[in-house]
Each structure stands twice: as C-alpha cells, then as structure tokens.
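Line by line, the protein sequences give chains U and Z.
Heads up: the first sequence begins at 1 in this note's numbering, then just goes up one per residue.
Heads up: the second sequence begins at 1 in this note's numbering, then just goes up one per residue.
In short, the hints are calculated from the structure, not lab data.
Every residue gets a Cβ at the ideal spot worked out from N, C-alpha and C, and that includes glycine.
Misleading hints may appear alongside valid ones.
[As the list claims (entries may be wrong)] Straight-line Cα separation of at most 25 Å, BS3-like style, residue types lysine-lysine; simulated pairs:
no., chain 1, residue 1, chain 2, residue 2
1, U, Lys-174, Z, Lys-266
2, Z, Lys-159, Z, Lys-185
3, Z, Lys-138, Z, Lys-266
4, Z, Lys-386, U, Lys-255
5, Z, Lys-183, U, Lys-174
6, Z, Lys-415, Z, Lys-224
7, U, Lys-174, Z, Lys-185
8, Z, Lys-32, Z, Lys-324
9, Z, Lys-284, Z, Lys-338
10, Z, Lys-324, Z, Lys-159
11, Z, Lys-338, Z, Lys-362
[As the list claims (entries may be wrong)] Residues from chain Z that keep clear of chain U, each with C-beta distances beyond 10 Å, as calculated:
no., residue
12, Ala-106
13, Asn-321
14, Lys-329
15, Lys-412
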Amino acid sequence: MHDTVPTQVRTVQITRLAGNGRWKMPTGDRLISLLLLAPSVVAIAVFIYGFIGFTGFASLTRWDSLVPDFSFVGMHNYVVLFSTTRFQIDLRNTVTFTVLFLVCCLSIGLSLALMLDRGIRGEGVFRSIFLFPLALSFIVTGVVWRWLLNPGSVQLGSTGINLLFDLLGLGFLKTGWYTDPRIGIKAVVIAATWQMSGYVMAMYLAGLRGIPEELREAAIVDGATGFQVYRHVILPLLHPITLGAIIILGHISLKIFDLVVAMTGPGPGFSSDVPAFFMFDTTFRGDNFSQGAGIAVIILIMVAVLIVPYLLYSLRAEAQP
Amino acid sequence: MFRRIRVLTVLSLLLIGAIMQVGWAGVARTNKLEIFSWWTAGGEAEGLSGLFSAYKRQYPNVEIVNATVAGGAGTNAKAVLATRLTGGDPPDSFQVHAGLEIEKYAPDRFLESIDSLYRSEGWERALPRGVLTLLQFKGHYYSVPVNIHRANVLWYSKKVFADNNLQPPKTFAEFFQVAETLKAKGIAPFVMGDKEGWEAGHVFEVVLIGVLGADGYRGLWTGKTAWTSPRVTEALNTFKRMLTYTNTDHAALTWDGAGQYLIDGKGAMQIMGDWQDGWFQSKKFADYGWAPPPGTTGIFDALSDSFALPRRAKNRENALNWLKIAGSKAGQEAFNPKKGSICARTDCNQSLFNAYLQSAAKDWQKDALVPSVMHGAATIESWATKYKDIIALFVTSGDVARTQTALQAACKDAKVCM
Chain U
1 MHDTVPTQVR TVQITRLAGN GRWKMPTGDR LISLLLLAPS VVAIAVFIYG FIGFTGFASL
61 TRWDSLVPDF SFVGMHNYVV LFSTTRFQID LRNTVTFTVL FLVCCLSIGL SLALMLDRGI
121 RGEGVFRSIF LFPLALSFIV TGVVWRWLLN PGSVQLGSTG INLLFDLLGL GFLKTGWYTD
181 PRIGIKAVVI AATWQMSGYV MAMYLAGLRG IPEELREAAI VDGATGFQVY RHVILPLLHP
241 ITLGAIIILG HISLKIFDLV VAMTGPGPGF SSDVPAFFMF DTTFRGDNFS QGAGIAVIIL
301 IMVAVLIVPY LLYSLRAEAQ P
Chain Z
1 MFRRIRVLTV LSLLLIGAIM QVGWAGVART NKLEIFSWWT AGGEAEGLSG LFSAYKRQYP
61 NVEIVNATVA GGAGTNAKAV LATRLTGGDP PDSFQVHAGL EIEKYAPDRF LESIDSLYRS
121 EGWERALPRG VLTLLQFKGH YYSVPVNIHR ANVLWYSKKV FADNNLQPPK TFAEFFQVAE
181 TLKAKGIAPF VMGDKEGWEA GHVFEVVLIG VLGADGYRGL WTGKTAWTSP RVTEALNTFK
241 RMLTYTNTDH AALTWDGAGQ YLIDGKGAMQ IMGDWQDGWF QSKKFADYGW APPPGTTGIF
301 DALSDSFALP RRAKNRENAL NWLKIAGSKA GQEAFNPKKG SICARTDCNQ SLFNAYLQSA
361 AKDWQKDALV PSVMHGAATI ESWATKYKDI IALFVTSGDV ARTQTALQAA CKDAKVCM
C-alpha cells in the first residue's frame with residue numbers, strides 16, 4: 001500500500017539508466033545489476049502497467065457478469081457511473097476525507113514535532129507513544145474506533161466516547177458519530193488521524209533535526225523573535241517534508257478501503273462510503289466488472305493527479321547538478 | 001561482493017524451487033471433498049457439521065474440506081466464489097440461494113445441470129411444487145435445496161407485550177398504535193440493525209408484501225405489478241413511518257446486535273428471518289414470541305439454501321454423493337434442527353424440531369408462497385443489489401418520490417419493466 005511512490009520512482013530511474021549513451025555489452029558488476037533488475041522490471045511492466053492497461057480496456061466494455069463480454073461500449077460505463085447517486089456521494093466523501101485527513105494529520109503532526117523538538121525530558125517515550133498507532137493495521141484501528149464511537153442509545157445506555165461525555169457531565173456533546181449521516185466519513189477521519197499523525201510527527205522531527213543549528217543562531221543574532229525564526233527560517237526549510245507527507249497521506253486517503261470496511265461499512269445513506277468500497281461491491285458482489293474497472297480508473301486518475309506533479313518535480317530536482 | 005551475490009542468487013533459486021514443489025504437491029489428487037459456504041456462526045456451523053457427519057457415515061474415507069467465508073447473507077463469500085469460478089478453481093460444491101440468484105453464476109458456462117439426480121433420487125416427488133419451480137432455471141435443475149427459511153416473521157418480547165397489555169399487531173394501523181403506546185413508555189417499539197445494508201431491504205420487502213399482498217408482490221418481480229403504482233408509494237410511506245419508531249443506533253448494529261434489545265426487554269418488535277430463532281436459542285433467551293408481520297398472515301416469504309455442482313469440480317464423484325446426502329431425508333434431518341430452518345422435503349420427522357419450527361412447517365404447508373428478493377429467490381442478483389442500495393439510501397433520505405423513481409429505473413435495467 002505504501003509502496004506506490006518508490007516503485008514508480010524506481011522504474012523511472014531504470015529507464016534513464018537504460019537510455020544512457022550508446023549501447024555496449026555490459027560487463028561485471030553492471031551485468032549482474034542489470035540481470036538482477038530484469039525480473040522486477042518485467043514483473044512491474046506486466047503486473048502494474050499491463051494490468052492498468054487491461055483495467056482501462058475493461059472499463060470500455062460491456063463485461064457485466066461472470067462471463068467476460070468484451071464488446072466495446074465506449075464511455076457508457078463512465079456516464080452511468082457519474083449519474084449514480086452512490087458514486088456522487090462517494091466522490092464527495094473522498095474529497096471531504098482527503099482534505100480533513102491531510103489538514104488534521106499535518107497540523108497535529110507538526111505541532112507534536114515542534115513541541116518534542118524543544119528538548120523536553122522523556123522525548124523518546126513520547127515519540128514512541130505517538131508512533132505506536134502506526135504499528136497497527138487499519139483493520140484493528142477500525143474495530144477499536146467502531147467501539148469507541150458507538151452511538152449507544154437511550155434504552156441500552158451509552159458506550160465509548162459518548163459514555164465518557166456522560167461521565168464528565170458533557171452529555172450535550174453526545175452525537176450519533178458514524179451513524180449520523182451528517183457526520184459519516186468525518187468519524188473515519190478521527191480514526192485515520194489518530195493512526196497517521198504520529199507518522200507525520202516522525203517525518204517532521206527528522207526534518208527539524210536536519211536543520212543546522214547555525215541557521216537558527218544566525219536568525220537570532222539578526223534579531224528575529226522566536227516566532228519569526230519558525231515562520232521565516234524553520235517552516236520554509238520543512239517544505240520538502242510537507243510535500244512528502246502530503247503525497248504519502250494523500251494516496252492512502254484516496255485509496256482508503258480497509259479502515260472504512262472495518263469501522264463503518266458504507267454507513268447510513270452511504271455517508272461513509274468511498275470509491276474503493278463501491279468498486280469492491282460492484283465488481284465482486286455485483287459481478288459488474290466493467291463498471292468496477294471504471295471506478296478503478298477514476299481512483300487511479302485521482303491518485304495520479306496528486307502524485308505525477310511530485311514525480312516530475314523530484315525528477316527535475318534530481319537532474320539539476 | 002561478486003561471490004556473495006552469486007551465493008544469494010543460488011540460494012533464492014533453491015528456495016523458489018522448494019516452494020514450487022509444495023505448490024505441485026497441493027494440486028495432487030487426493031480423496032477430498034471441498035464444500036464452500038458462508039455458514040460460520042453458531043447454529044449454522046453446527047447444522048453444516050451435522051450434514052458433514054451424515055456424509056461421513058456413508059463415505060468415511062473422504063476428507064471434507066470446509067471452505068467457509070464469514071459474512072451475513074453471503075456477501076463476502078459470493079465475492080470469493082466468483083473469482084474461484086472464473087479462475088477455473090471451483091470448490092466441489094457451493095452454497096447458493098435457491099431461485100434466480102443462480103443466474104449470477106452463468107449456469108450454461110460454470111455449472112453442471114443435475115436433472116438426472118432429481119430423477120434418480122425422486123426429489124421431484126419429495127419436494128413441494130413451489131420449491132421446484134423456484135429451482136428451475138431455463139428448464140433445468142442446478143442445485144439441491146437443503147432447507148427453507150421464512151423471511152417474514154415479527155419477533156416480539158413476550159414480557160414487554162404482557163407488561164403493557166398488548167397483542168402482536170395484525171395490521172399496520174395496529175402496529176402504529178402499539179408502537180405509539182410503547183414509545184411513550186420509553187421502549188424502542190421497532191428495533192432494527194441495518195449496518196450491513198441488506199437488513200433494511202429485508203424489512204421493506206416484508207412491508208411490500210404486507211401492503212401489496214402475495215400476488216401484488218410477486219408481480220413486482222415479473223413485471224405484472226408496476227413499481228410506479230400508488231400502492232408502492234403507500235408501502236414506502238408506511239416503511240418511512242415505521243422507521244420513526246426504531247432504535248437510534250440502528251445504523252451501528254447488525255440484525256443480531258439489534259436482537260439484544262428484545263433480550264434485555266428494552267425493545268418490543270423486530271422483523272427478521274427465522275434464523276433469529278436459532279440466535280435467540282444460542283443466547284439462552286426463551287421469552288420471545290413470533291407472529292406474521294402486519295398484513296402478511298397466510299403468506300410465507302421463503303428463501304432456501306441449496307448446493308450446486310460447478311463444472312470441472314476436482315472431486316466430481318464425491319460432490320455428486322454430497323448432493324445426494326444434502327437432498328436426502330437423513331441429511332436434512334441432521335442439518336435443519338441445528339440450523340434453525342425447516343426441511344425442504346415434506347417428509348421430515350417433525351418431532352426433531354422445536355416449537356417455532358413446527359409452527360413454521362405447518363404454515364409452509366398451507367400458506368401462499370412468495371420468493372424473497374433480499375435472499376436471492378425473487379430475482380437476479382444485480383437487480384437485488386440495486387434494490388438493496390436504493391432502500392439503504394431511503395432509510396436516511398426519506399425521499400419517497402425519488403426512491404420510487406429509482407426502483408422503477410432498477411426494474412427497467414433488469415429489462416423486466418418497459
């Protein structure tokens with residue numbers, strides 16, 4: 001799941017290597033490295049790009065049962081998809097989820113990192129505590145948060161967070177969480193943020209440690225206040241980290257599936273449904289393979305819109321001496 | 001450096017070789033029987049193992065592989081099965097709802113007709129006519145039914161009804177009266193758990209039967225009753241009003257989670273299939289009553305689990321014997337009392353069954369039979385799935401006009417409505 005970026009970067013580098021200069025029979029180490037790379041190049045060509053191509057092709061056919069039917073129907077599946085209520089809701093949910101998830105993770109991660117970077121005592125302990133959720137699978141996170149955010153009811157009493165509100169005398173804060181169609185996917189954001197913000201914190205912390213102490217000192221000598229040091233020296237230097245975090249979190253959130261399945265399912269009125277879940281439903285439960293392929297292509301395009309600019313940017317940065 | 005890489009390459013090649021050996025060993029023919037189903041919980045799993053022991057008694061040398069995939073109404077299992085069938089690695093026999101659900105598996109291509117078994121085993125005499133009609137697809141039989149479930153049952157807490165001097169409602173008017181009384185007492189009048197989406201479709205199917213009657217409901221799936229008719233509007237409005245009496249956490253619960261309300265005496269009524277009977281028993285809860293839901297007295301909304309024979313089954317002989325056992329009196333008597341369903345055959349010994357199942361078996365003999373849509377009997381899977389999604393959306397939107405338009409469109413997509 002987290003490997004999309006490195007894989008693509010790797011292939012791009014391979015093609016660059018292969019395209020360098022005149023072709024000579026490689027010898028020694030070079031031959032070995034080419035031989036060792038070959039299987040994965042072939043595997044990636046077939047199992048990633050080959051299947052992307054096949055999925056794109058399938059989405060233009062009439063394959064809507066277990067028996068493949070490759071008669072060409074053009075954009076018909078996409079027209080149907082975009083007029084399906086469930087898919088419209090899904091797209092809205094994806095945008096809501098991605099934006100909220102990115103904003104929450106980045107802001108919480110950055111604040112935690114900045115606080116830990118002040119050299120407080122027991123930093124290692126805190127760092128581990130914030131990082132631990134990352135070690136869980138989304139399935140576990142989903143189940144735990146399903147219990148925590150269970151709405152409870154008048155007759156059977158409150159549970160989880162609602163119970164906590166009751167005990168603290170904050171009963172008016174109780175809501176239906178993921179069972180309330182107005183909240184829906186936003187409840188999933190809470191769980192996802194809980195899991196991933198520690199990771200963002202670790203990235204920022206690494207970035208902060210990479211900033212030479214001299215820069216801060218120079219700024220202070222020049223008369224900058226603490227806030228100005230952060231605003232004009234530290235934060236600009238953290239930009240590459242932010243970009244990296246957006247890429248990693250963004251492609252997770254656009255493809256999110258396991259967390260939603262474990263935590264809420266499609267939710268009341270599809271309020272927590274996501275395209276990936278709809279794709280699974282359509283393809284493997286509804287046997288509508290062509291429409292499922294259409295959803296997959298749309299997800300791929302969304303991820304590409306996020307990642308391709310980053311790839312181009314990093315390639316250009318690499319090319320510069 | 002060079003040396004180490006060479007050693008590593010050789011090692012990894014050896015490893016790959018070893019793994020492939022294991023792979024080939026797995027394909028080797030043995031005397032096995034792989035049965036695919038979604039029966040993993042409580043009584044269901046017990047029923048299945050009852051059927052397994054009936055098989056073992058006759059064929060002790062066959063090793064049974066129990067391939068189950070958990071998930072209500074088989075939603076996950078069907079996804080796995082689809083890939084196995086298309087991938088050319090079918091199980092020896094698999095569970096499928098009797099009825100038009102079989103269309104999903106493209107019988108001409110992936111299944112083997114078992115008409116000859118029906119003749120040699122005399123099933124055409126042992127099974128009721130209604131079930132036989134349900135099982136035929138383009139004039140052929142593709143699966144053997146092991147049981148009959150009833151989808152339209154109103155389960156109620158005897159204690160709640162006795163405390164409030166109430167009778168189970170026979171009409172929707174009575175239902176709303178009862179619900180109003182109970183609501184005032186702080187009891188959840190009508191409990192529902194629709195987390196998985198199909199449960200709402202299940203309840204609405206029962207409401208449709210209650211409002212339109214047996215013939216009207218049947219006609220919806222054959223094109224004789226129009227989805228645009230004012231009576232469908234009435235059913236939607238009735239369902240919408242029923243939803244105002246549900247527990248607030250219905251979207252967080254599955255049907256069995258909702259059943260806890262009845263056990264705790266905090267909820268009064270629930271519409272669910274008769275697998276609820278088995279679930280109550282597994283919870284050691286006895287203080288429940290049952291009645292036909294409003295408007296459905298004398299109508300039996302049926303579904304049936306059956307086993308089919310895929311083409312290219314690896315152990316075809318064993319699978320044929322399995323189907324014979326599944327359709328036999330001994331097999332069904334071993335399976336059904338534990339599963340909490342009645343026999344598909346008419347000659348089972350009734351003393352093996354509990355009070356509810358005996359009453360269901362009596363109704364089965366005399367009631368009008370209608371096929372369940374949410375459980376694969378009434379129509380093809382793609383239409384049933386659309387119906388499910390439309391009703392799940394309706395539970396939160398409450399938009400009657402839009403829902404009715406969508407239901408009509410789904411009927412058109414299935415090429416049943418013009």
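Verification of the hints:
Simply put, U/Lys-174 and Z/Lys-266 have alpha-carbon atoms about 21 Å apart, close enough for the 25 Å limit, and the pair holds. Annotation: proposed proximity of Z/Lys-159 to Z/Lys-185 holds, straight-line Cα distance about 14 Å (limit 25 Å). Of the supplied pair hints, the one linking Z/Lys-138 and Z/Lys-266 is violated, its CA atoms being roughly 48 Å apart against a limit of 25 Å. The suggested pairing of Z/Lys-386 with U/Lys-255 holds, with an alpha-carbon distance near 24 Å, which does not exceed 25 Å.
Between Z/Lys-183 and U/Lys-174 the CA atoms are separated by roughly 21 Å; this keeps the pair inside 25 Å, and the hint holds. Distance hint between Z/Lys-415 and Z/Lys-224 is fulfilled; the C-alpha atoms sit about 13 Å from each other, no more than 25 Å. Taken as a hint, the U/Lys-174 and Z/Lys-185 pair is honoured in the structure, with Cα atoms around 23 Å apart against an allowance of 25 Å. As the CA atoms of Z/Lys-32 and Z/Lys-324 are separated by approximately 16 Å, the hinted pair is consistent with the 25 Å bound.
Between Z/Lys-284 and Z/Lys-338, the direct Cα distance comes to roughly 14 Å. Compliance with the 25 Å bound is thereby established for this hinted pair. With a C-alpha separation of about 44 Å, the suggested pairing of Z/Lys-324 with Z/Lys-159 is violated against the 25 Å cut-off. As the CA atoms of Z/Lys-338 and Z/Lys-362 are separated by approximately 19 Å, the hinted pair is consistent with the 25 Å bound. Distance to chain U contradicts Z/Ala-106 as a non-interface residue, since its nearest Cβ pair spans about 5 Å, not more than 10 Å.
Listed as a non-interface residue, Z/Asn-321 keeps its Cβ farther than 10 Å from every Cβ of chain U; the least gap is roughly 27 Å. For Z/Lys-329, the shortest C-beta to C-beta distance to chain U comes to about 34 Å, beyond the 10 Å cut-off, and the non-interface label holds. Non-interface status of Z/Lys-412 relative to chain U is upheld: no Cβ of that chain comes within 10 Å, the nearest being about 13 Å off.
Of the numbered hints given earlier, the model fails hints 3, 10 and 12; all others are met.
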